[in-house]
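Start from the sequences, fold in the hints, and give me the full structure.
Going down the list, the protein sequences come from chains A and B. So the first sequence is numbered by the working numbering: it starts at 132 and just counts up by one. So the second sequence is numbered by the working numbering: it starts at 132 and just counts up by one.
Derived from the structure by calculation, the hints contain no laboratory data. What you are looking at is a predicted structure, and each value in this text was computed from that prediction instead of being measured. Please note that the accuracy of each hint is not assured.
As the list makes no split between identical chains, a pair holds if one copy fits it or if it spans any two.
Stated by the list, open to error - The list that follows gives simulated cross-link-like pairs (lysine to any residue, SDA-like), each with its CA atoms no further than 20 angstroms apart: (1) K254 x L362; (2) K323 x G272; (3) K307 x G192; (4) K307 x D270.
One-letter residues, chain by chain:
2 protein chains.
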Amino acid sequence: MGGDRAPDEIVRGATLYRASGGAAELVLVGREELLRPRIAGASGVEVVDAREVVEMGEHPGAALRRRSETSIGVATQLVKDGRAEGVVSAGNTGATMAAALLILGRVRGIDRPALCGMLPTTKGTPACLLDAGATMDADAGNLLQYARMASRFMEKVHGIGRPSVGLLNVGEEPEKGERMQLEAHALLLAAKDVNFYGNVEGRDILRGTTDIVVTDGFTGNTVAKAMEGVLDVVTEGIRADIFGGLLGKLAALLALPGIKTFRTRMDYEPYVSAPLLGVNGVSVVTHGRARARMMKLAIDVTERSIATGLIGAIGEAATAA
Amino acid sequence: MGGDRAPDEIVRGATLYRASGGAAELVLVGREELLRPRIAGASGVEVVDAREVVEMGEHPGAALRRRSETSIGVATQLVKDGRAEGVVSAGNTGATMAAALLILGRVRGIDRPALCGMLPTTKGTPACLLDAGATMDADAGNLLQYARMASRFMEKVHGIGRPSVGLLNVGEEPEKGERMQLEAHALLLAAKDVNFYGNVEGRDILRGTTDIVVTDGFTGNTVAKAMEGVLDVVTEGIRADIFGGLLGKLAALLALPGIKTFRTRMDYEPYVSAPLLGVNGVSVVTHGRARARMMKLAIDVTERSIATGLIGAIGEAATAA
Numbered sequence: 132m133g134g135d136r137a138p139d140e141i142v143r144g145a146t147l148y149r150a151s152g153g154a155a156e157l158v159l160v161g162r163e164e165l166l167r168p169r170i171a172g173a174s175g176v177e178v179v180d181a182r183e184v185v186e187m188g189e190h191p192g193a194a195l196r197r198r199s200e201t202s203i204g205v206a207t208q209l210v211k212d213g214r215a216e217g218v219v220s221a222g223n224t225g226a227t228m229a230a231a232l233l234i235l236g237r238v239r240g241i242d243r244p245a246l247c248g249m250l251p252t253t254k255g256t257p258a259c260l261l262d263a264g265a266t267m268d269a270d271a272g273n274l275l276q277y278a279r280m281a282s283r284f285m286e287k288v289h290g291i292g293r294p295s296v297g298l299l300n301v302g303e304e305p306e307k308g309e310r311m312q313l314e315a316h317a318l319l320l321a322a323k324d325v326n327f328y329g330n331v332e333g334r335d336i337l338r339g340t341t342d343i344v345v346t347d348g349f350t351g352n353t354v355a356k357a358m359e360g361v362l363d364v365v366t367e368g369i370r371a372d373i374f375g376g377l378l379g380k381l382a383a384l385l386a387l388p389g390i391k392t393f394r395t396r397m398d399y400e401p402y403v404s405a406p407l408l409g410v411n412g413v414s415v416v417t418h419g420r421a422r423a424r425m426m427k428l429a430i431d432v433t434e435r436s437i438a439t440g441l442i443g444a445i446g447e448a449a450t451a452a
Numbered sequence: 132m133g134g135d136r137a138p139d140e141i142v143r144g145a146t147l148y149r150a151s152g153g154a155a156e157l158v159l160v161g162r163e164e165l166l167r168p169r170i171a172g173a174s175g176v177e178v179v180d181a182r183e184v185v186e187m188g189e190h191p192g193a194a195l196r197r198r199s200e201t202s203i204g205v206a207t208q209l210v211k212d213g214r215a216e217g218v219v220s221a222g223n224t225g226a227t228m229a230a231a232l233l234i235l236g237r238v239r240g241i242d243r244p245a246l247c248g249m250l251p252t253t254k255g256t257p258a259c260l261l262d263a264g265a266t267m268d269a270d271a272g273n274l275l276q277y278a279r280m281a282s283r284f285m286e287k288v289h290g291i292g293r294p295s296v297g298l299l300n301v302g303e304e305p306e307k308g309e310r311m312q313l314e315a316h317a318l319l320l321a322a323k324d325v326n327f328y329g330n331v332e333g334r335d336i337l338r339g340t341t342d343i344v345v346t347d348g349f350t351g352n353t354v355a356k357a358m359e360g361v362l363d364v365v366t367e368g369i370r371a372d373i374f375g376g377l378l379g380k381l382a383a384l385l386a387l388p389g390i391k392t393f394r395t396r397m398d399y400e401p402y403v404s405a406p407l408l409g410v411n412g413v414s415v416v417t418h419g420r421a422r423a424r425m426m427k428l429a430i431d432v433t434e435r436s437i438a439t440g441l442i443g444a445i446g447e448a449a450t451a452a
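This is the structure in structure tokens:
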């Protein structure tokens, strides 16, 4: 029921996942009378009724108080009760995180959860920027835990061996930043289970200088939104200015193969599933703008997180350290 | 002597400024034997010799120790001695800031300096993001001072009446953010001399939601570099993918007027002069990539800052509050 295009595109994403051979069985949680007609007897898709919906702008706290009624609350409870193995939502990110934290709890040894923002890089590999906004008052110890969790996630779910970790900072030199960055730098350098590259800057994120970029949730959220803002403005500019007029439309026809290449390069849909790491269960948030394809890809990430035993691996990394 | 294209493009920027009617008389500071042949008798341009140069990657502290020999040290000292009224550099930002802070000192009533990053917005007006990286450990009181200083700067130098101020945060709601943002929100709301809009998010910056966006220097620097990184990657993509091949080149010919419109819209050169606010003298940093035109525009900003009495206005705002 969550996201700007629910329930149509969300349900379509679910049936697309199944139709393209997805192994996981799906449970759609929400208003039964809206969902059931839309699945039209697709195999491996069932419906669990939930009467209420957390709206996109709603305060997570208010949403939590009526969690036994809301689709995100009911869906998360299914995971807690062992009736589902993971939850994925295109809805209110704050409510999804709050439900996961309250209902599923934290992995033992992890103090704070982190939202893992996935981005395409010019190297062609995905990169993970975390924390993209789950925790507002992170300290250096939290950042070390983020690095450990994201390393397991990139290994297991994205198949990247020994993923490299960069610390987001205002310069490459080890002595850069505030006290928190200096402490985090020392902790990351000393951690044997983290492939620490050193400091990276904002411009390194899309270059893929490292597979993982760790930062506090305030900086991560602000940076991610600022980057998205630039991309939106530039895309609008290309459409309106370059390919807008009559000559522009002709040019667009000629440049069509190139435009397709460009779109594929900038396509963040395969990556935009943001897993919430550190909660004791698989919980994945995707973009509120998600259409069927993006939803299908988010279900893929959710399924791979389950199938590869991500939560167990994070638990081992947290307690072994 | 500073910047990737010094001294050629820097000197060309100076003579361009004079040739296009700029009123200020210019003093070029650096190796006399390199500079003098390049000004070729341009009127209103003199040379003061300085033997050393702070390299772009050099540590500002090391640079400061030999400040009586370096071009940025000597140039800043000219302002202190009243032989110049402002200093502008495309060189090492850290060294320029350190020289300004140490040699010129702070404006009375201002605790920390802030670097004012200028950006174009889709509204067509410039916006100011500060602190773009001058101070790493800012508190809420500093952010209020930044808002006051930037308000005077946008009024005086960019002619914007009652410039609006946004607080960079992870959401629009007043209760968002860490303790520092909550405190800053309360201080900005109570300040009668600041036209406070409320919280803004990363995606608001280029939209021009507010004329000024205040944040701490760590976040501001990281966000600015991340935004620049996206712009670089997208620009490369447009060039290589869309207009790269033979068909693409033909398309580019057709789309030429549109490409020009797009370039003008995305052109940050008129804005990229970052004044360092809070030091007791006009000090402006421009991009290390600066060519003649960008340098000329940076001199314009420097001259307007002097002519409009910016430093005095900041001093009044700081002590009246």
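Here's how the hints hold up against the structure:
Taking the closest pair of Cα atoms, K254 and L362 come within 20 angstroms of each other both inside a single copy (18 angstroms) and across two copies (16 angstroms). Taking CA atoms no more than 20 angstroms apart as the test, K323 paired with G272 passes inside one copy only; the shortest distance there is 15 angstroms, against 40 angstroms between copies. Taking the closest pair of Cα atoms, K307 and G192 come within 20 angstroms of each other only across two copies (13 angstroms); inside a single copy the shortest separation is 37 angstroms, beyond that limit. In this assembly of identical chains, K307 and D270 lie within 20 angstroms of each other by CA distance both inside one copy and across copies; the values are 16 angstroms within and 18 angstroms between.
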